[in-house]
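Enquirer: Below, each chain spelled out in residue letters.
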Amino acid sequence: MEIPRIPLGDWIESGLTWLTSEFSMVTRGISRFTQTGIDILNDGLFWLPEWALLGLIALLCWRLGGVRLAIGAIAGLALIWNLGLWEPMIETLTLVVFATLVAVVIALPVGIAAALSNRLYRVIMPLLDFMQTMPAFVYLIPAIPFFGIGSVSAIFATVIFSMPPAIRFTTLGIRQVPVELIEAADAYGATRSQKLFKVQLPLSLPTVMAGINQTIMLALSMVVIAAMIGADGLGSEVWRAIQRLRPGDGFEAGIAVVILAMLLDRLTQSLRKTRK
Amino acid sequence: MDETRPVKIKVRGLSKVFGKQPQKAIELRNQGMKRPEILEKTGQTLGLSNISFDVYEGELLVIMGLSGSGKSTLIRCLNRLIETTEGEIIIDGENIPTLKEKALLECRRRHFSMVFQNFALFPHRTVHQNAEFGLEIRGVEKAERHKIAHDALKQVGLEGWEDAYPNQLSGGMQQRVGLARALANDATVLLMDEAFSALDPLIRKDMQEELLQLQSKMQKTTVFITHDLDEALNIGDRIVLLKDGEVVQIGTPEEILTKPADDYVRRFIQGVDRARILTAESAMRPLRSTARESDGPRTALHRMRDHAIDSIYVVDRNRRLLGLLEADAASRAIEEGADSIIPYLTQDFRKVPMDEPLHNLFAMFSEKSFPIAVIDQQEQLLGVVVKGAVLDELARAGEQ
Chain A
1 MEIPRIPLGD WIESGLTWLT SEFSMVTRGI SRFTQTGIDI LNDGLFWLPE WALLGLIALL
61 CWRLGGVRLA IGAIAGLALI WNLGLWEPMI ETLTLVVFAT LVAVVIALPV GIAAALSNRL
121 YRVIMPLLDF MQTMPAFVYL IPAIPFFGIG SVSAIFATVI FSMPPAIRFT TLGIRQVPVE
181 LIEAADAYGA TRSQKLFKVQ LPLSLPTVMA GINQTIMLAL SMVVIAAMIG ADGLGSEVWR
241 AIQRLRPGDG FEAGIAVVIL AMLLDRLTQS LRKTRK
Chain B
1001 MDETRPVKIK VRGLSKVFGK QPQKAIELRN QGMKRPEILE KTGQTLGLSN ISFDVYEGEL
1061 LVIMGLSGSG KSTLIRCLNR LIETTEGEII IDGENIPTLK EKALLECRRR HFSMVFQNFA
1121 LFPHRTVHQN AEFGLEIRGV EKAERHKIAH DALKQVGLEG WEDAYPNQLS GGMQQRVGLA
1181 RALANDATVL LMDEAFSALD PLIRKDMQEE LLQLQSKMQK TTVFITHDLD EALNIGDRIV
1241 LLKDGEVVQI GTPEEILTKP ADDYVRRFIQ GVDRARILTA ESAMRPLRST ARESDGPRTA
1301 LHRMRDHAID SIYVVDRNRR LLGLLEADAA SRAIEEGADS IIPYLTQDFR KVPMDEPLHN
1361 LFAMFSEKSF PIAVIDQQEQ LLGVVVKGAV LDELARAGEQ
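Same order as they appear, the protein sequences are chains A and B.
What the first sequence shows, in the numbering used here, is residues 1 to 276, in sequence order.
What the second sequence shows, in the numbering used here, is residues 1001 to 1400, in sequence order.
Hints in this document: simulated from the structure, not taken from any laboratory.
None of the values given here were measured: they were computed from a predicted structure.
Some hints here could point you the wrong way.
[Said to hold, decoys possible] Just the calculated beta-carbon pair ranges, DEER-fashion:
| no. | chain 1 | residue 1 | chain 2 | residue 2 | range |
| --- | --- | --- | --- | --- | --- |
| 1 | A | F130 | B | S1052 | 41 to 47 angstroms |
| 2 | A | L101 | B | K1142 | 29 to 35 angstroms |
| 3 | A | F130 | B | E1141 | 46 to 52 angstroms |
| 4 | A | Q269 | B | R1012 | 53 to 59 angstroms |
| 5 | B | G1171 | A | L19 | 43 to 49 angstroms |
| 6 | B | Q1270 | A | Q269 | 55 to 61 angstroms |
| 7 | B | K1100 | A | R63 | 30 to 36 angstroms |
| 8 | B | P1123 | A | L56 | 31 to 37 angstroms |
| 9 | B | S1067 | A | L19 | 55 to 61 angstroms |
| 10 | B | G1068 | A | G15 | 54 to 60 angstroms |
| 11 | B | E1141 | A | L19 | 51 to 57 angstroms |
For every residue, glycine included, the Cβ atom is placed at its ideal position computed from N, Cα and C.
Produce the complete structure using the sequences and hints provided.
Expert: Next comes the structure, spelled out in structure tokens:
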């Protein structure tokens, strides 16, 4: 006896087609909003001359992370500039910043809600597992019918891929607040929102920041992969190097990604420490 | 005790079952089953069973019991950090278990301040911000709450530490912050959940003394939880003794020590005694003054005035106790022009040997207020025991 193959893929596809056609208004709106945001951010960063932006970033690093970070930032960014990768680097930075912002804006309330409601927690956690373990490339495919080739699709895939840690860490941070502190707040007659804003959120901030740091790192890795669906930036340099079999170019762009990643990581980590 | 004092909190028939079918457990309890059987039959834990007591206005009531006795559950039922299963808790006419959420918040804000065993200070707030937490929650205006919190910190001796963070303070100081947070809130009842148990013994003793001082100044209704009998005896106006979620005895420290309700309490108190064999000697104090048999009434009266006492023990040349001279009697002797005080002495006082157990002394005090004379085999006067010293001594005994 032959068991018929379950047409799981067909179902998903027809579901996606339905979504695309029924919600084209929504996707088009999102698309326009996202594209405008990216353009504004890009234009702003390109409007500044290279040396000025480099100086600004170095200053930021110095204030938040100290002299060593600032020196590292100058050296790294100068190398990128020298290699002629400044423009793709800025495009990548824009995508990462924008995707991270969107992810955090969604993740914080969801994370808080999951921390406060056990039922929601049980629904969201497996969903996050799904989002995180699904191979990142797969998200690129439905992004195209939704938003077409280009940066908006890249942002969509990146947000989905990078959001889980921000949600997870927010939930964890709030749940980790010691029971006795919650009891103390309750004993003095705090309302739910007083408890949240005066006790739970401030105490979970270091953990939330760790989650945002993770989100940024994931966003960076995804944004590079998203070059396959036409996202601009360092990823497309790597992609081009692959197609032309030019390992030198590939590594140059790859090193630029590493520098950007380290910079973003150290910056957000120092932000976390100073906040503490 | 004085049953006419105004009652602040009235607890009646309070029970708490931990588990999903509390009614089942209550039914079995009503059939006379105890905690272990109920747990075995239903899987429900009978945390508190049919607890009734009053907290009088202005008293310091100690709820004492070993771990598992339900004392922490009980204090959390009072301000409903834990929901009760049945029974009433009435404070100023409101029944706490049935309050709606908003009324409950209001009730907690108005009536309850709480001090926690492990301090439960907010690590992200300064000492000052911790102290004003309750006021901030209640929406007290900034300048005002700043001042109140400052005063509260001053009261507990933390002036100058306002801007420190809790993790910069020692345990004792942290609990002072906890106390300041409670005092600043100025709720009508102070709940203290094993407030001093996490402190080392010397600091604990200091904190107890300070609490007593604050208490004598403010007369705040206080419910104090402890597992430590000595602490209970030392600070409690009255003590509620819990065992396995039931009240075993309610009474003043003296009543608990002298009239233990059952074997459980008796064994408990014996723990105090065994720590050191307590006798009259241990609570004895040297005499401030004695009169000699050769003294005239004027000299004797003069000595009494000098030492602000209204009776004096009279001894012979070998310090053998002859009797007690009261100030009234001395005055009478002067009026009657007597030379010797001997005819005016009274024997209406208690004398005990040095090794008299301390417990026996309680009963003697209730008759007359004279200090009890402590004598040796030759009837020589060694010292006296005053009422307060007996309790102090009992309380101190367990700490060594």
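Enquirer: State for each hint whether it applies.
Expert: Tested hints:
For the pair F130 (chain A) and S1052 (chain B), the beta carbons lie near 55 angstroms from each other, so the given range of 41 to 47 angstroms is not met. Distance hint check: the CB atoms of L101 (chain A) and K1142 (chain B) are about 33 angstroms apart, consistent with the given range 29 to 35 angstroms. Checked against the hint of 46 to 52 angstroms, the pair F130 (chain A) and E1141 (chain B) passes, with Cβ atoms roughly 50 angstroms apart. Hint check: Q269 (chain A) to R1012 (chain B), Cβ distance near 57 angstroms, so the stated range 53 to 59 angstroms holds.
At roughly 59 angstroms, the beta carbons of G1171 (chain B) and L19 (chain A) sit outside the given window of 43 to 49 angstroms. Between Q1270 (chain B) and Q269 (chain A) the CB atoms are about 60 angstroms apart, so this pair conforms to the stated range of 55 to 61 angstroms. Taking 30 to 36 angstroms as the suggested C-beta distance range, the pair K1100 (chain B) and R63 (chain A) does not conform, at roughly 50 angstroms. At about 35 angstroms, the beta-carbon gap between P1123 (chain B) and L56 (chain A) stays in the expected band of 31 to 37 angstroms.
Range check, S1067 (chain B) to L19 (chain A): Cβ separation about 58 angstroms, and the 55 to 61 angstroms hint holds. At about 56 angstroms, the CB distance of G1068 (chain B) to G15 (chain A) agrees with the hint of 54 to 60 angstroms. Distance hint check: the CB atoms of E1141 (chain B) and L19 (chain A) are about 53 angstroms apart, consistent with the given range 51 to 57 angstroms.
In terms of the numbered hints stated before, the structure departs from hints 1, 5, 7, listed from lowest to highest.
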